[in-house]
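Asks: Start from chain A and add chain B according to the hints.
So the chains spell out like this:
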Amino acid sequence: MAMTLVSTVTVGSGGAASIEFTGIAGTGKDLLFLFSGRDNSGGATNDLLLTVNGATTGYADRNLAGNGSTALSLSSNSAGVRAWQGGNGGASTSNTFSNYQAYISNYASSVAKSISVDSVEENNSSTAVQQIVAGSYSGTSAITSIKIQSSGANLVQYSTASLYIIS
Amino acid sequence: MPTPTYDLIASNVLGTSAASITFSSISSSYRDLVLVARMFGSTPDVAREMRLRVNSDTGSNYSSVSMNGDGSSATSATSTISYGQLGTADTTKPILSILQFLDYSATDKHKPILLRANRPEVITGYTTTGADAKAIRWANTAAIDTILLYPSSGNIEAGSSFYLYGIVS
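So the sequence lines, in the order shown, correspond to chains A and B. So that you can map any letter, position 89 of the first sequence is 89 in the numbering used here, and since no number is skipped, the others follow by simple counting. For the numbering used here, count along the second sequence from 1 and bump the result up by 1000.
So that you can see chain A by itself, here it is in the shape it has in the complex (with noise of 0.2 Å):
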């Protein structure tokens, strides 16, 4: 048996500001990150940001995006792995959600982390976001915890995440 949910967590009416997993146990090879979301602000595209251990420092990543005209690439060095205008924002369409997969390899090792990411910005328009991001984390503790969140504004309700560990 290889994969297993630890958990999933949906936004409610009051919105959030992130989304978090915390006591993540150690006794897996990998981790998958599944993340649905949508935010508050008032443009149609926000970055979003997964760090983990609470860590805001020791990030790099770079991408490859598409946006339905151009395709472009990026560097960053944030307080965490950036998926650059990956999240819907409140002026995007109506009722949609961006979707967004990361994956991490060896999480429970004692080495530095890399961080694999797939996402979209869905949106009825003739602009929408689809990249995929190379990520990386510099500190050597096993991951024991995961956040997602969208710069500068806050995570609307059916934001939803779930987390499995691969074992």
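Do not take every clue at face value.
[As the list claims (entries may be wrong)] Now the in silico label distances, taken between C-beta atoms and shown as ranges:
(1) Ser1073/B <-> Gln101/A: 39 to 49 Å
(2) Gly42/A <-> Ala1142/B: 13 to 23 Å
(3) Thr1080/B <-> Gln130/A: 19 to 29 Å
(4) Ala1142/B <-> Gln101/A: 46 to 56 Å
(5) Leu34/A <-> Ala1135/B: 20 to 30 Å
(6) Gly42/A <-> His1110/B: 29 to 39 Å
(7) Thr140/A <-> Ser1152/B: 19 to 29 Å
(8) Ser13/A <-> Ala1106/B: 44 to 54 Å
(9) Ser167/A <-> Gly1015/B: 15 to 25 Å
(10) Leu1008/B <-> Gly152/A: 50 to 60 Å
[Unchecked claim] With a cut-off of at most 25 Å between alpha-carbon atoms, the simulated SDA-like pairs for lysine to any residue come out as follows:
(11) Lys147/A <-> Gly43/A
(12) Lys1109/B <-> Thr1022/B
(13) Lys29/A <-> Arg1031/B
(14) Lys29/A <-> Val1034/B
(15) Lys29/A <-> Asp1145/B
(16) Lys29/A <-> Ser1169/B
(17) Lys1109/B <-> Leu1014/B
(18) Lys29/A <-> Glu1121/B
(19) Lys29/A <-> Leu1014/B
(20) Lys29/A <-> Thr1016/B
[What the hints assert, rightly or not] Chain B side only, calculated, beta carbon under 7 Å to chain A, not exhaustive:
(21) Asp1007
(22) Val1036
(23) Gly1071
(24) Ser1073
(25) Arg1119
(26) Pro1120
(27) Glu1121
(28) Gly1130
(29) Ala1131
(30) Thr1146
(31) Leu1148
(32) Tyr1165
(33) Val1168
Since the hints were made in silico from the structure, they are not lab data. Glycine included, C-beta positions come from ideal geometry on N, C-alpha and C.
Replies: The following block gives chain B in isolation, referenced to the frame of chain A:
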């Protein structure tokens, strides 16, 4: 209770360096395979390319199309060579390669292999980095029963990890 569909076939976390990693005698009973490999190279600040071969095939039977984002440019490339290219690594900047071998045990088709490769850190003097997506075709109808991972030179270093999963049909 749902039936498990994602089985760990084999794993290897290197305690010491190795010239290569081989998964052999792979059962044909699964539908697809997923290999998650995180590899360190053997020389600081020198990018060693990690490579793939299946069934000991050293012929120019690996065709690929790829797209890459290095943090400033988006590019695409094709190749037909004697191995699959998984990305580069050094001693502190590993490559994370997630490979999907679709319909690997079929004997009536060439084998598609999908790769997501992940290395966000720059290795000094080398521009190849970032997020890669690649589709590889192994031009052979034989069932895949052996997977070999090896570096362009040097060894795969300690701390590298390899997990091979079978997707049950």
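Asks: Now tell me if each hint is right for this structure.
Replies: Each hint tested on the structure:
1. Ser1073/B <-> Gln101/A: 39 to 49 Å: At 25 Å between Cβs, range violated.
2. Gly42/A <-> Ala1142/B: 13 to 23 Å: For glycine 42/A and alanine 1142/B the Cβ distance comes to about 57 Å; the hint is violated.
3. Thr1080/B <-> Gln130/A: 19 to 29 Å: holds (28 Å)
4. Ala1142/B <-> Gln101/A: 46 to 56 Å: For glutamine 101/A against alanine 1142/B, whose Cβ atoms are near 32 Å apart, the range 46 to 56 Å is violated.
5. Leu34/A <-> Ala1135/B: 20 to 30 Å: holds (23 Å)
6. Gly42/A <-> His1110/B: 29 to 39 Å: At 50 Å between Cβs, range violated.
7. Thr140/A <-> Ser1152/B: 19 to 29 Å: holds (27 Å)
8. Ser13/A <-> Ala1106/B: 44 to 54 Å: This hint holds: roughly 49 Å between Cβ atoms.
9. Ser167/A <-> Gly1015/B: 15 to 25 Å: Given a distance of about 20 Å, which is inside 15 to 25 Å, the answer is holds.
10. Leu1008/B <-> Gly152/A: 50 to 60 Å: violated (40 Å)
11. Lys147/A <-> Gly43/A: Since the Cα atoms of lysine 147/A and glycine 43/A sit roughly 22 Å apart, the hinted pair holds (cutoff 25 Å).
12. Lys1109/B <-> Thr1022/B: holds (23 Å)
13. Lys29/A <-> Arg1031/B: holds (22 Å)
14. Lys29/A <-> Val1034/B: holds (14 Å)
15. Lys29/A <-> Asp1145/B: holds (23 Å)
16. Lys29/A <-> Ser1169/B: holds (22 Å)
17. Lys1109/B <-> Leu1014/B: Roughly 34 Å between the alpha carbons, so the hint for lysine 1109/B and leucine 1014/B is violated.
18. Lys29/A <-> Glu1121/B: holds (23 Å)
19. Lys29/A <-> Leu1014/B: Roughly 14 Å between the alpha carbons, so the hint for lysine 29/A and leucine 1014/B holds.
20. Lys29/A <-> Thr1016/B: holds (19 Å)
21. Asp1007: holds (6 Å)
22. Val1036: holds (5 Å)
23. Gly1071: Given a least distance of 3 Å, the restraint on glycine 1071/B holds.
24. Ser1073: Since the shortest Cβ distance to chain A is 6 Å, the answer is holds.
25. Arg1119: With a closest approach of 6 Å, the arginine 1119/B hint holds.
26. Pro1120: holds (4 Å)
27. Glu1121: holds (6 Å)
28. Gly1130: At 4 Å from the nearest chain A Cβ, glycine 1130/B passes the 7 Å test, so the hint holds.
29. Ala1131: With a minimum Cβ separation of about 4 Å from chain A (threshold 7 Å), the hint on alanine 1131/B holds.
30. Thr1146: Violated, about 22 Å.
31. Leu1148: violated (20 Å)
32. Tyr1165: holds (6 Å)
33. Val1168: Result: violated, 10 Å to nearest chain A Cβ.
In the structure shown, a violation is registered for the earlier hints numbered 1, 2, 4, 6, 10, 17, 30, 31, 33, in ascending order.
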